[in-house]
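Colleague: Chain residues, written in single-letter form:
Protein chains: 2
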Amino acid sequence: MQLSPKLTQLVDALRCLPGIGPKSAQRIAFHLLERDREGGAQLGQALNQAMQDIGHCQSCRTFTEQDICELCSNIKRQDSGLLCIVESPSDVLAVEQTGHYQGLYFVLMGHLSPLDGIGPNEIGLDVLEQKLAQGSINEVILATNPTVEGETTAHYIAQLCKQYNVGASRIAHGVPVGGELDLVDGMTLSHAFNGRKQVQYES
Amino acid sequence: MQLSPKLTQLVDALRCLPGIGPKSAQRIAFHLLERDREGGAQLGQALNQAMQDIGHCQSCRTFTEQDICELCSNIKRQDSGLLCIVESPSDVLAVEQTGHYQGLYFVLMGHLSPLDGIGPNEIGLDVLEQKLAQGSINEVILATNPTVEGETTAHYIAQLCKQYNVGASRIAHGVPVGGELDLVDGMTLSHAFNGRKQVQYES
Numbered sequence: 001m002q003l004s005p006k007l008t009q010l011v012d013a014l015r016c017l018p019g020i021g022p023k024s025a026q027r028i029a030f031h032l033l034e035r036d037r038e039g040g041a042q043l044g045q046a047l048n049q050a051m052q053d054i055g056h057c058q059s060c061r062t063f064t065e066q067d068i069c070e071l072c073s074n075i076k077r078q079d080s081g082l083l084c085i086v087e088s089p090s091d092v093l094a095v096e097q098t099g100h101y102q103g104l105y106f107v108l109m110g111h112l113s114p115l116d117g118i119g120p121n122e123i124g125l126d127v128l129e130q131k132l133a134q135g136s137i138n139e140v141i142l143a144t145n146p147t148v149e150g151e152t153t154a155h156y157i158a159q160l161c162k163q164y165n166v167g168a169s170r171i172a173h174g175v176p177v178g179g180e181l182d183l184v185d186g187m188t189l190s191h192a193f194n195g196r197k198q199v200q201y202e203s
Numbered sequence: 001m002q003l004s005p006k007l008t009q010l011v012d013a014l015r016c017l018p019g020i021g022p023k024s025a026q027r028i029a030f031h032l033l034e035r036d037r038e039g040g041a042q043l044g045q046a047l048n049q050a051m052q053d054i055g056h057c058q059s060c061r062t063f064t065e066q067d068i069c070e071l072c073s074n075i076k077r078q079d080s081g082l083l084c085i086v087e088s089p090s091d092v093l094a095v096e097q098t099g100h101y102q103g104l105y106f107v108l109m110g111h112l113s114p115l116d117g118i119g120p121n122e123i124g125l126d127v128l129e130q131k132l133a134q135g136s137i138n139e140v141i142l143a144t145n146p147t148v149e150g151e152t153t154a155h156y157i158a159q160l161c162k163q164y165n166v167g168a169s170r171i172a173h174g175v176p177v178g179g180e181l182d183l184v185d186g187m188t189l190s191h192a193f194n195g196r197k198q199v200q201y202e203s
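Chains D and G, in that order, are what the protein sequence lines are. Under full-length UniProt numbering, the first residue of the first sequence carries the number 1, and numbering increases by one thereafter. Under full-length UniProt numbering, the first residue of the second sequence carries the number 1, and numbering increases by one thereafter.
Since the hints were derived computationally from the structure, they do not count as laboratory data. Here a beta-carbon is modelled for each residue, glycine too, at the ideal position from N, C-alpha and C. It is possible that part of the hints are untrue.
[As the list claims (entries may be wrong)] Per label pair, the in silico range of CB-to-CB distance:
| id | chain 1 | residue 1 | chain 2 | residue 2 | range |
| --- | --- | --- | --- | --- | --- |
| 1 | D | G195 | G | D182 | 48 to 58 Å |
| 2 | G | L183 | D | G186 | 49 to 59 Å |
| 3 | D | Q58 | G | N74 | 28 to 38 Å |
| 4 | D | G179 | G | P18 | 26 to 36 Å |
| 5 | D | D36 | G | E38 | 18 to 28 Å |
| 6 | G | E38 | D | Q58 | 22 to 32 Å |
| 7 | D | T147 | G | I68 | 40 to 50 Å |
| 8 | D | D36 | G | N121 | 16 to 26 Å |
| 9 | G | D53 | D | G195 | 51 to 61 Å |
| 10 | G | P146 | D | A172 | 50 to 60 Å |
| 11 | D | P5 | G | A94 | 46 to 56 Å |
| 12 | G | L183 | D | P18 | 25 to 35 Å |
| 13 | G | R37 | D | G195 | 31 to 41 Å |
| 14 | D | N145 | G | L115 | 45 to 55 Å |
[Claimed, not checked] Residues from chain G that face chain D, not an exhaustive set, calculated with beta carbons under 8 Å:
| id | residue |
| --- | --- |
| 15 | A50 |
| 16 | R77 |
| 17 | S90 |
| 18 | I118 |
Kindly generate the complete structure, drawing on both the sequences and the hints.
Modeller: Rendered as structure tokens:
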């Protein structure tokens, strides 16, 4: 049996959502039609507006519908001289949620992956180079993911910083706070040992 | 940190989907923006069209954007004299997928639940009564869910059929095909014993 054309269209379109198969798509379509038509209509409008209007910040490449995002327009952050490099906009959110960092961001929107045809220009390193050349940045904090690609990308950017005499640092790897030692993987544990710090005694 | 207004709107709107919390909504929004803008825009349009145009079939109450759905317009089905009563449009799909049933449907869009204020008129039994009064239906097949509410609803409709001298039958309950006896719950098993059939020997 065929569903009505527009219902079929909706079920097919829902499958673009990550992790949603044919059965879930059907369940969602019926749920919205039966119980939440208003929510469905709002979602439709929000999707259309977002897909049409949201682009990238010209300065840090994160998602925004303005030319320059809120964080980049913040004068305090501009004066900090700090630039945190992350792989995706959700990483910006994660760092911001700590409330600890008060500098600027630069979002690569990916990582170096030559086999997939993703070179320096695809992740905006040309834009980053211009930023470094301007001289307003004192320290670059490399917060790419602790994966092989992330490390490679961090290494590449560190070399770039060296060319422009800008200090570069990598975020610490080690045992997560609240974690238990016997559940931590060996790689993380050896990072934690290598990155150990001298205990400071109060004098 | 605040996301940009339209991104916030999209994340909030995505939470109307069943089973999607704040974290998943954010993940979906970033996924669509990063990797599938076209799919997102198509989904937006499909949602808007579906929520606006899809109503209920005037005859069987299933979802359709036409006045009378495809199944109800089928003359063969009209002539069958069979009417299968189900709780929701997804049940119609499930029955249709068997390819076994060639009659009409009537979708209650719920079940009797007096405590929630859902009486006979809320599940369209007034419309069903008109159908029964017309006299074109020979048998009503009660395929409501095998839950307390479903059974009550089936019982109520069976009484209605009796008033109009229309035969009513309930779908069989028993051990699912391919199931193993020791994994079947007691209620189902006792149904299976009560509903046992004499073995027919070939003569």
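Colleague: Taking the least C-beta to C-beta distance, is G/S90 closer than 8 Å to chain D?
Modeller: Hint holds; G/S90 Cβ to chain D Cβ min 5 Å, cut 8 Å.
Colleague: Do the beta carbons of G/L183 and D/G186 sit within 49 to 59 Å of each other?
Modeller: violated (41 Å)
Colleague: Taking the CB of G/E38 and the CB of D/Q58, does the distance hold inside 22 to 32 Å?
Modeller: holds (23 Å)
Colleague: Has the hinted range 46 to 56 Å been met by the Cβ atoms of D/P5 and G/A94?
Modeller: violated (20 Å)
Colleague: Quick one: are D/Q58 and G/N74 within 28 to 38 Å, going by C-beta?
Modeller: violated (58 Å)
Colleague: Lying within 40 to 50 Å: is that true of the beta-carbon distance D/T147 to G/I68?
Modeller: violated (56 Å)
Colleague: Lying within 25 to 35 Å: is that true of the beta-carbon distance G/L183 to D/P18?
Modeller: holds (33 Å)
Colleague: Tell me if the beta carbons of D/G195 and G/D182 are separated by a distance inside 48 to 58 Å.
Modeller: holds (55 Å)
Colleague: Could you check the hint for me, namely that G/D53 and D/G195 are 51 to 61 Å apart, CB to CB?
Modeller: holds (60 Å)
Colleague: Report holds or violated for the interface hint on G/I118, using the least CB-CB distance to chain D and a cut-off of 8 Å.
Modeller: For G/I118, the interface hint is violated, since the closest Cβ of chain D sits about 13 Å away, which is over 8 Å.
Colleague: Would the hint on G/R77 be counted as holding, given a Cβ-Cβ threshold of 8 Å to chain D?
Modeller: violated (11 Å)
Colleague: Have a go at the G/A50 hint: is there a Cβ in chain D nearer than 8 Å to its own Cβ?
Modeller: holds (4 Å)
Checked against the numbered hints given earlier, this structure breaks hints 2, 3, 7, 11, 16 and 18; the rest are met.
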